[in-house]
Amino acid sequence: MAEAARAITAQAGAEDALLTVSNLEAWYGESHVLHGINFDVRPGEVVTLLGRNGAGKTTTLKSVMGILPKRKGSIVFQGKELMHAPSRHVAKEGIAYCPEERGIFASLSVEENLMLPPQVKPGGMSVEQIFTLFPNLKERLHSQGTKLSGGEQQMLAIGRILRTGAKLLLLDEPTEGLAPVIIQQIGRTIAMLKEQGFTIVLVEQNFRFASTVADRHYVVEQGKVIDMIPNAELEANIGKLHAYLGV
Amino acid sequence: MFELLGIPPQALFGQLLLGLINGSFYAILSLGLAIIFGLLNIINFAHGAQYMLGAFVAWMLLNYLGINYWWALLLAPLIVGITGVIIERLLVQRLYHLDHLYGLLLTFGLALIIQGVLRNQYGISGLPYTIPSQLSGGQNLGFMFLPNYRGWVVLASLVVCIATWFVIEKTRLGAYLRAATENPTLVSAFGINVPRMITLTYGFGVALAGFAGVLAAPIYSVNPNMGADLIIVVFAVVVIGGMGSILGSIITGFSLGLIEGLTKVFYPEASSVVIFVIMAIVLLIKPAGLFGRTA
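Top line first, the protein sequences correspond to chains Y and S. When we follow this note's numbering, the leftmost residue of the first sequence carries the number 1, and every step to the right adds one. When we follow this note's numbering, the leftmost residue of the second sequence carries the number 1001, and every step to the right adds one.
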């Protein structure tokens, strides 16, 4: 395991990486949650963070986004150090975040939710393109945001960040609690976004779903990245992965 | 002349008008409190003092600089709003991570300081502010006499309240405000400058109080305690309407003014407590307030 960790550290900081996270530590109040997270994401890749509940996957995304105030280490995006940037600056650099709880605003209509995130870079998707992707949203435009079904709320949460022109998307468990048919739709969406050149970091519990969309998987355990498995080698490492995830 | 339930119509409509005027002030002030509480989670106890400050700034503009009522209606809220922005930046901002109680104590202390300074300077007897000449006189409506200025106060408050409601509920800016009220962290993560929005919201809420103060200056005499007397009732109005509800605070403000006016006609002894009695009943039946959203 130590070898694997070294290999990961060596890889983090690869020249061509879009996002490089090194030795990231983070705290919730007094409790030390991340103990040195290392991973990198190359442009156009879909990378997952796999791990058990409480391993630190969500915290990693929040740290990258600048939401957790107490952090240390390094987060480099497009050559720029973001460790000390407040989250609104991180967003303006072109990173968009879709939280696990989806974050649909109850006091806003579907349309207002969709139009809320300001454009941060040119080249975001048009509203029409988002409606092509998620036709349900167009029909429910004037409903209250939280009156949508869980699946529709997830589509809204993903759809609204596609408008902004952000090129790196951080998606926290987009399939959680959804019906298989919706999960398939989200899977197709992620594949389509990858084709369009988006780079995606996906937090997942469901590694079967992850294996259908991702290029590489980082395994997070107790606040550390303990292994990296390319998707092509997933089958060969299935035993190891089962042990990591305890499934 | 006909009578209603033994009450002469002049008395009835006269009290209803007074009620409507009080209701106008309740509405603007509770609206400001609701907006501030919604986004900042601060119970702005300085609101009454800021209303009084609006009246004083109007009086000072007139007496020291010769600036008339109409300009004061624009400038005084702006000046009071700017003091609000400064207060938020220097003081209130430090309290967001603490319990509500600290914000309440800070703003209560600020209210005492503002009142104390003005009382020391101008005494408590009250300074006159004449009704602008364009609005002096009144209309005989047959069933009652309507002083022009009082009609104007009701109209101006209604317009300001409805405009504020429109901006908050129907515009892009309002959507930012509502979203940040729900989940400021996520709104920041979309790239929106939430701290600046909070500062400007406090400034705006305080400016509303200043605006009400200018409207009040020609009706009540301008004195350092005018806000302290009013704000207690306004807090009751906010509790009845529900903290954080925009439309709720407007409707509750006007209705409670009217109810208070009616009580003065039919059972004057109860007129000063009727709002508090309603508050107690609402708290028993619907603790979140009539328009409050239960979380």
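For the record, the hints were derived by calculation from the structure and aren't laboratory data. No residue lacks a Cβ here, since even glycine has one placed at the ideal position from N, Cα and C. Heads up, some of the hints might be wrong.
Claimed, not checked - To list a few chain Y residues with every Cβ distance to chain S over 12 Å, as calculated:
(1) 91
(2) 108
(3) 118
(4) 157
(5) 245
Claimed, not checked - With the Cβ distance kept under 10 Å, some of the chain S side facing chain Y (calculated, not the full set):
(6) 1008
(7) 1176
(8) 1179
(9) 1192
(10) 1193
(11) 1269
Stated by the list, open to error - Simulated pairs of lysine-lysine, BS3-like, Cα-Cα distance not exceeding 27 Å:
(12) Y:80 to Y:92
(13) Y:224 to Y:70
(14) Y:92 to Y:70
(15) Y:121 to Y:92
(16) Y:147 to S:1170
(17) S:1170 to Y:121
(18) S:1286 to Y:147
(19) Y:72 to Y:224
(20) S:1170 to Y:138
(21) Y:92 to Y:72
(22) Y:240 to Y:224
(23) S:1286 to Y:92
(24) Y:121 to Y:147
(25) Y:80 to Y:194
To see whether the hints hold, each was checked on the structure:
Once the 12 Å rule is applied to beta carbons, residue 91 of chain Y is inconsistent with being away from chain S; the minimum gap is 3 Å. The claim that residue 108 of chain Y lies off the interface is violated: its Cβ sits roughly 6 Å from the closest Cβ of chain S, which falls inside the 12 Å cut-off. With a minimum CB-CB distance of about 6 Å to chain S, residue 118 of chain Y fails to clear the 12 Å threshold, and the non-interface call is violated. With a cut of 12 Å on Cβ distances, residue 157 of chain Y falls inside the contact zone with chain S, its closest approach being about 10 Å.
Every beta carbon of chain S lies more than 12 Å from that of residue 245 of chain Y, the smallest distance being close to 28 Å; the non-interface claim holds. A hinted interface residue such as residue 1008 of chain S counts as satisfied when its beta carbon comes closer than 10 Å to some beta carbon of chain Y; here the least separation is about 47 Å, so the hint is violated. A hinted interface residue such as residue 1176 of chain S counts as satisfied when its beta carbon comes closer than 10 Å to some beta carbon of chain Y; here the least separation is about 7 Å, so the hint holds. Interface restraint check for residue 1179 of chain S: the shortest CB-CB distance to chain Y comes to about 5 Å, inside 10 Å, so the restraint holds.
The criterion of a C-beta within 10 Å of any C-beta in chain Y is met by residue 1192 of chain S, whose closest approach is roughly 6 Å, and the hint holds. Annotation: interface hint on residue 1193 of chain S holds; nearest CB of chain Y at approximately 6 Å, less than 10 Å. With a cut of 10 Å, the hint placing residue 1269 of chain S at the interface with chain Y is violated, because the nearest CB-to-CB distance is about 42 Å. Taken as a hint, the residue 80 of chain Y and residue 92 of chain Y pair is honoured in the structure, with Cα atoms around 12 Å apart against an allowance of 27 Å.
For a cut-off of 27 Å, the pair hint linking residue 224 of chain Y to residue 70 of chain Y stands: about 17 Å separates their Cα positions. Between residue 92 of chain Y and residue 70 of chain Y the CA atoms are separated by roughly 21 Å; this keeps the pair inside 27 Å, and the hint holds. With a CA separation close to 7 Å, the supplied pair residue 121 of chain Y and residue 92 of chain Y stays within the 27 Å bound. Of the supplied pair hints, the one linking residue 147 of chain Y and residue 1170 of chain S holds, its CA atoms being roughly 19 Å apart against a limit of 27 Å.
Straight-line distance between C-alpha atoms of residue 1170 of chain S and residue 121 of chain Y comes to about 26 Å, which keeps the hinted pair within the 27 Å bound. Our distance criterion of 27 Å between C-alpha atoms is met by residue 1286 of chain S and residue 147 of chain Y, whose separation comes to about 24 Å. Proximity of residue 72 of chain Y to residue 224 of chain Y is assessed by CA-CA distance (about 14 Å); at most 27 Å being required, the pair is judged to hold. Of the supplied pair hints, the one linking residue 1170 of chain S and residue 138 of chain Y holds, its CA atoms being roughly 19 Å apart against a limit of 27 Å.
Simply put, residue 92 of chain Y and residue 72 of chain Y have alpha-carbon atoms about 21 Å apart, close enough for the 27 Å limit, and the pair holds. With a C-alpha separation of about 17 Å, the suggested pair residue 240 of chain Y and residue 224 of chain Y falls inside the 27 Å cut-off, and the hint holds. For the suggested pair residue 1286 of chain S and residue 92 of chain Y, the alpha carbons sit about 43 Å apart, so the restraint of at most 27 Å is broken. This hinted pair does not check out: residue 121 of chain Y and residue 147 of chain Y have alpha carbons roughly 30 Å apart, beyond 27 Å.
Under the criterion of a C-alpha separation no larger than 27 Å, the hint pairing residue 80 of chain Y with residue 194 of chain Y is consistent with the structure, at around 23 Å.
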